[in-house]
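Peer 1: As a plain string of letters, each chain reads:
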Amino acid sequence: AQSVTQLGSHVSVSEGALVLLRCNYSSSVPPYLFWYVQYPNQGLQLLLKYTSAATLVKGINGFEAEFKKSETSFHLTKPSAHMSDAAEYFCALRHTNAGKSTFGDGTTLTVKP
Amino acid sequence: EAGVTQFPSHSVIEKGQTVTLRCDPISGHDNLYWYRRVMGKEIKFLLHFVKESKQDESGMPNNRFLAERTGGTYSTLKVQPAELEDSGVYFCASSQDMRATGELFFGEGSRLTVL
Chain A
1 AQSVTQLGSH
11 VSVSEGALVL
21 LRCNYSSSVP
31 PYLFWYVQYP
41 NQGLQLLLKY
51 TSAATLVKGI
61 NGFEAEFKKS
71 ETSFHLTKPS
81 AHMSDAAEYF
91 CALRHTNAGK
101 STFGDGTTLT
111 VKP
Chain B
1 EAGVTQFPSH
11 SVIEKGQTVT
21 LRCDPISGHD
31 NLYWYRRVMG
41 KEIKFLLHFV
51 KESKQDESGM
61 PNNRFLAERT
71 GGTYSTLKVQ
81 PAELEDSGVY
91 FCASSQDMRA
101 TGELFFGEGS
111 RLTVL
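As you go down the protein sequences, you meet chains A and B in turn. When the letters of the first sequence are read in order and numbered with this note's numbering, they come out as residues 1 to 113. When the letters of the second sequence are read in order and numbered with this note's numbering, they come out as residues 1 to 115.
The reader is advised that the hints may include incorrect statements.
[As the list claims (entries may be wrong)] Which residues of chain A face chain B? A few of them, derived with a C-beta cut under 10 Å, are:
no. : residue
1   : VAL4
2   : SER12
3   : LEU18
4   : PRO31
5   : PHE34
6   : TYR36
7   : GLN38
8   : ASN41
9   : THR51
10  : SER52
11  : THR55
12  : PHE63
13  : ARG94
14  : GLY99
15  : LYS100
16  : SER101
In case anyone wonders, no lab produced these hints; they're calculated from the structure. By construction, the Cβ of each residue, glycine as well, lies at the ideal position given by its N, Cα and C atoms.
Please model the entire structure based on the sequences and the hints provided.
Peer 2: And the structure:
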């Protein structure tokens, strides 16, 4: 069975500081990994995805994530936080074509001025 | 192009009543998914339609939940009778991409409160 663990339900950073949101996964087969973001009163939207083409994946709004098989991790980073990055972030994995996704519990990012 | 729309955005009902949630996917998206998030925990899979057929309903919690997608367009999720533990946010997502790498497009969710 597959699972996703997001370490830290709440992360707070200052504006301009590094953002690091942690995601570890457990999977018996190579997974496809995703980060989604949910802004207040909106649906989830895709930030970036790992499709095995490259281990370092760049997404929208300056975010990137690195797939590390040895650590079973797919942490999300952004060099400099902006106030508009305040949102909830979800890590997810998927195996089968168009099949179900398994999500983590989510991490709420707060950005302090 | 319209995104995934869900109705109602919020529903408050008494235990034992019935509620029907509706999802309109992006036009042309054959894949439609229902997910649920309870008490700020993980977003859990409920079921997956491909057009009007149920591809995977392994996440449906029990037979009080009934999902339909007549004609392969919009979908409804009925909870009858509702229990307290059914409270949560129900998300609908759609996708045209049949690959595992395909992006899901989510609606804003329907928040269900059962009193």
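Peer 1: Hint by hint, note whether the structure agrees.
Peer 2: Hint check:
1. VAL4: holds (8 Å)
2. SER12: Not OK, violated: SER12(A) not within 10 Å of chain B, min 17 Å.
3. LEU18: violated (25 Å)
4. PRO31: holds (9 Å)
5. PHE34: Since the shortest Cβ distance to chain B is 8 Å, the answer is holds.
6. TYR36: At about 8 Å, which falls below the 10 Å cut-off, the nearest Cβ of chain B leaves the hint on TYR36(A) intact, so it holds.
7. GLN38: The hint holds - GLN38(A) has a Cβ within 10 Å of chain B, the shortest such distance being about 8 Å.
8. ASN41: At 7 Å from the nearest chain B Cβ, ASN41(A) passes the 10 Å test, so the hint holds.
9. THR51: holds (4 Å)
10. SER52: SER52(A) check passes; min Cβ-Cβ to chain B is 9 Å, inside 10 Å.
11. THR55: violated (15 Å)
12. PHE63: Violated, because the Cβ-Cβ distance from PHE63(A) to chain B comes to roughly 15 Å (cut-off 10 Å).
13. ARG94: holds (5 Å)
14. GLY99: For GLY99(A), the interface hint holds, since the closest Cβ of chain B sits about 7 Å away, which is under 10 Å.
15. LYS100: holds (4 Å)
16. SER101: holds (7 Å)
Figure legend: structure checked against the earlier numbered hints; hints not met, in rising order: 2, 3, 11 and 12.
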